[in-house]
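Turn these sequences into a full structure, and let the hints steer you where they fit.
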Amino acid sequence: MSRDGLLSFLSSILVIIAGLLVGLIVLLVSNAEQALPAVQTILTFGVDNMRNVGDVLLRATPIILTGLSVAFAFKTGLFNIGASGQFMLGGFVSIMIGVHALAIPAPLRIIFALLAAALTGALWGAIPGLLKAYRNVHEVISSIMTNYIGMFFAVYLIQEFAFDQGRGTSAHLHPTSTLPRMGFQNIFREPVGAAFRESHVNVGIVIAIILAIVIYIILEKTTFGYELKACGFNQDAAKYAGINQKRNIVFSMMISGSLAGIAGALNFMGTTGLSMSVVETLAMEGFTGISVAFLGLNHPIGIIFSGIFVSYLQLGGARLQPHFSAELVETVIAVIIYFCAFVFVVKSMIGKVIKKKDGGN
Amino acid sequence: MYIIEMRNITKEFPGIIANDDITLQLKKNEIHALLGENGAGKSTLMSVLFGLYKQEKGSIYKDEKEVSITGPGDANRLGIGMVHQHFKLVHNFTVLENIVLGVETTKGGVLQMKEAREKVLALSKKYGFDIDIDKEVRHISVGMQQRVEILKMLYRDNEILIFDEPTAVLTPQEIDALMKTMKDMAAEGKSILFITHKLDEIKHVADRCSVLRKGKMIGTVDVSETSKETMSEMMVGRKVSLSLDKQDAKVGNTILKVRGLCQKGNTGKVGKDKLKNISFDVKEGEILCIAGIEGNGQTDLVYALAGLESFDSGEIIMDGQDITRAKIRKRTELGISHIPEDRHKHGLVLDYSLAYNTILQTYYTKDFQSKGFLKRKSILDYAKKMIERFDIRSGQGAETVTRSMSGGNQQKIILAREIDRDPKLLIAVQPTRGLDVGAIEYIHKQLLAQRDSGKAVLLVSLELEEVMNVSDRILVMYEGEIVADVNPKNVTFQELGLYMSGAKRDEVKAE
Ligand SMILES: Nc1ncnc2c1ncn2[C@@H]1O[C@H](COP(=O)(O)OP(=O)(O)OP(=O)(O)O)[C@@H](O)[C@H]1O
Ligand SMILES: [Mg+2]
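Order-wise, the sequence lines are chains B and P.
Here the first sequence stands for residues 1 to 361, numbered as in this note's numbering.
Here the second sequence stands for residues 1001 to 1511, numbered as in this note's numbering.
Just to be clear, a hint being listed does not mean it is correct.
[Stated by the list, open to error] Quick list of in silico lysine-lysine cross-link-like pairs, DSBU-like style, CA-CA up to 35 Å: (1) K347/B - K1375/P; (2) K1264/P - K352/B; (3) K352/B - K1377/P; (4) K221/B - K1345/P; (5) K1264/P - K239/B; (6) K1088/P - K347/B; (7) K246/B - K1384/P; (8) K1239/P - K239/B; (9) K1216/P - K1424/P; (10) K1062/P - K1125/P; (11) K246/B - K1385/P; (12) K246/B - K1375/P; (13) K1027/P - K1228/P; (14) K347/B - K1054/P; (15) K239/B - K1377/P; (16) K1239/P - K1424/P; (17) K347/B - K1264/P; (18) K221/B - K1377/P.
Read the hints as simulated data drawn from the structure, not as lab findings.
And the structure:
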């Protein structure tokens, strides 16, 4: 590992430990007796058995993608807060296709659903992109608005076109519309008596990892990435170089949006029967993506790991329910993730300490 | 008795020893110049003294007592202040706010600005700084910003003042004023460390001069007993010819034709036009220089030619094609190169590597791209060629992050890139700003070579010396107008000065 890579890794570990300690304090205040076991649960549950490991990967899939979405825009100097709305609309489109487009043969239908979700996310991302490029509207403001519009729109459309009255959520996908599990169920499972309980982890995690690598290649190896990063680092120099910034802003937001759209599709197309609820709250996956991106230092490959890590915390956290309220658990996870946002600061601090040390000998 | 002594300082960066066992002694009340090639380690040494870097070896003494300086706070307590190569001001704060920032006096949590105001006004008056302390820093000129930096040091009662290339960003008039200020401050009892590449300035104000070369201290000399030639030889390690021998220009066809460029001033300054009916031609095989005092429209003219900003009316014809409204990329492809005035704003992506910065306008061409992918090896090879040819020095060669490079070497990246594209028209704005004498010599030769191979060069410079030495024809701009079109052979420095200050003007017409 390069020196810089090592520094990044070290600082990530440090902020995680600091976050856990503060999380522990929150738990202590609320329920001192259960606090330590709770931390233990958070730390061990995700790796307790292979089924849980599979579930960690399953949960990681959408947030790796929203993390990539945020990071990609960020490299171009844009802050895409809009991943949540893009995620919801992408999810809706995939559900529609999975429920209704049965005329298309099954494997094709899945691919079609993913592409349609990507396109929807891209179009939804293009709105703040266009506003930024041609009307100089700050993308944070406009993407907050597209989040709400997207969310209400998705909820409305689900109720109109793909609603399951009985459950009060989106309708079940046709069984042939769900993502293939690729035999993962034979690895990620837990023996219960003579039988096994399987994780529902599916091809989604593979797609997420492949997309992370693709994004890495786009950013680091292509002329398009060269242009995008030039715009992100120094707009004036990009202009001087003759780079079409307006076009790049729109493209960047579209790619960012398409990643969030795919996140939505992969989230709702699993075999778990997870469906879109029609409550009027923004999808958390979009915001978790921001933490995932930062924790992964905005590096596509780092984001694979940070996504898995955040998912692992969330899965463990979900087990604390009887002793701690859901809100408190969310708070603790948020505290840990918040600390992770300091990773850049810590990294530069460690860098300095090491330099001073070097100076001493 | 030295007020500051840096003994055997060594400071390394990845791939390079920036300071190698350097000993520097500063006497009380002296102006001590620091001379050295680009990348010799001057800024690094001063940053060590100011606590921005920690040396690996060596120690620092103040008044013969060893001190440890771990940050600018320590430096400040020891009375050490620094004006950096690139200023560090808060742009939407007023001058006064910037000055007191970090040492504010408060009473019950409320800022007490009255005393501060009086002190700043007194200081400003004492040194004859004509400065409005209630203006926001973003609205004042670079020269004024520097005065703010100086006032910051004086306000903190610093007695050891470090100036890192303060004159590189100033106009000749401002330089004169700064030289006087420095002398006044030394007379007041301050001790000054002064980095510059200009030997005249050293001759003018410095008592002693220390010369660095490739991280090593070559020696310290008494300025009054040492010639400019000796100093530059010490610095470069070979004889440098400070004058340029050049053949007469063989002028060819018109390559750039500018007609009737007009640009209104910003609202608020109604009536003051930035560009007033500018017309001129640049021909193949000539170096045409635009001279003038800073702020008389040169920047606006260059931005208009390069396509960075639009203008109200007029037309620009490049090599027979109308490029009045053409995109920047189109202009570049038609053969315009542009060495911009502000290297950090336009010229470089500081977070890119040296290599990536050498392909800023050509990354998409066949040489560096295939099927949308960057050709990494070709890019690195090309950068290595540029490093070789333009003697660009850095810690890690082609892969060095540009931000970590010395100011002069950053400038060389831009020069290499723009000259090597072999443009039909090279627009060079202050191309030698921040370069050492050896590099200036090389760049001037390159400009001439460009000209002699039948290319056109449009040089914008504030330095009369450069204007007179290099150019074949001079246009003088004053308040957005061209007021003279002269041959350097038939004009004196004094006359040029008169044109530049608006005291004299000719009728100028492009045919
Ligand atoms: N922060 C840094 N990280 C890595 N290398 C550095 C850093 N700062 C300076 N260097 C390297 O140290 C060397 C000395 O740089 P320095 O800025 O001191 O030169 P300088 O004498 O001030 O040159 P110039 O006249 O061009 O300003 C250069 O080769 C530069 O690349
Ligand atoms: Mg320097």
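Violations among the numbered hints, reported as their numbers in ascending order: Result: hints 2, 8, 9, 17 break, sorted rising.
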